[in-house]
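*Asks:* Sequence:
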Amino acid sequence: MKFDRAIEAFIKEFVSDLANKNVAIFAGAGMSKSVGYVDWPSLLSDIAAELGLSVDKEHDLISLAQYHVSHRGNRSGITKNTGGVFSSGRTVGDAQNPDALAYSGLLDHELRHAD
Numbered sequence: 001m002k003f004d005r006a007i008e009a010f011i012k013e014f015v016s017d018l019a020n021k022n023v024a025i026f027a028g029a030g031m032s033k034s035v036g037y038v039d040w041p042s043l044l045s046d047i048a049a050e051l052g053l054s055v056d057k058e059h060d061l062i063s064l065a066q067y068h069v070s071h072r073g074n075r076s077g078i079t080k081n082t083g084g085v086f087s088s089g090r091t092v093g094d095a096q097n098p099d100a101l102a103y104s105g106l107l108d109h110e111l112r113h114a115d
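Here the sequence shown stands for residues 1 to 115, where the numbers follow this note's numbering.
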């Protein structure tokens, strides 16, 4: 496959960085959805409903979360809502995740099973 010069330069630099173990993956919440975790719309649907909004109509979910915090005057609703989701003791592959989403195990699982 032939890429333009900018893409070719990126690939060359990325492969070099990868060989030097100098890369990171930034993955969004949707990546964890395929193994049973929630995505941002699901995570914030109750919070949006409390504000009389719908995640189906809101496109900036970070601002929705911040508005909820500002509206309440604290982040207790966000903390309570996310705490129950990420402390459920779910298992991803062989990794037990009792207190938080184990990104390394999750990423490993997703990358191994990517199309």
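For the record, the hints were derived by calculation from the structure and aren't laboratory data. These numbers come from a predicted model, not from an experiment. Be aware that a few hints might be false.
[Said to hold, decoys possible] Distance condition first, Cα-Cα at most 27 Å in a straight line; then the derived BS3-like pairs of lysine-lysine: (1) Lys57 <-> Lys80; (2) Lys33 <-> Lys80; (3) Lys33 <-> Lys57; (4) Lys2 <-> Lys12.
*Asks:* State for each hint whether it applies.
*Replies:* The hints, checked one at a time:
Between Lys57 and Lys80 the CA atoms are separated by roughly 23 Å; this keeps the pair inside 27 Å, and the hint holds. Of the pairs offered as hints, the one joining Lys33 and Lys80 holds, with about 20 Å between alpha carbons and a cut-off of 27 Å not exceeded. Proximity of Lys33 to Lys57 is assessed by CA-CA distance (about 20 Å); at most 27 Å being required, the pair is judged to hold. A distance of roughly 14 Å separates the Cα atoms of Lys2 and Lys12; the hinted pair therefore holds under the 27 Å criterion.
Taken one by one, the earlier hints all hold for this structure without exception.
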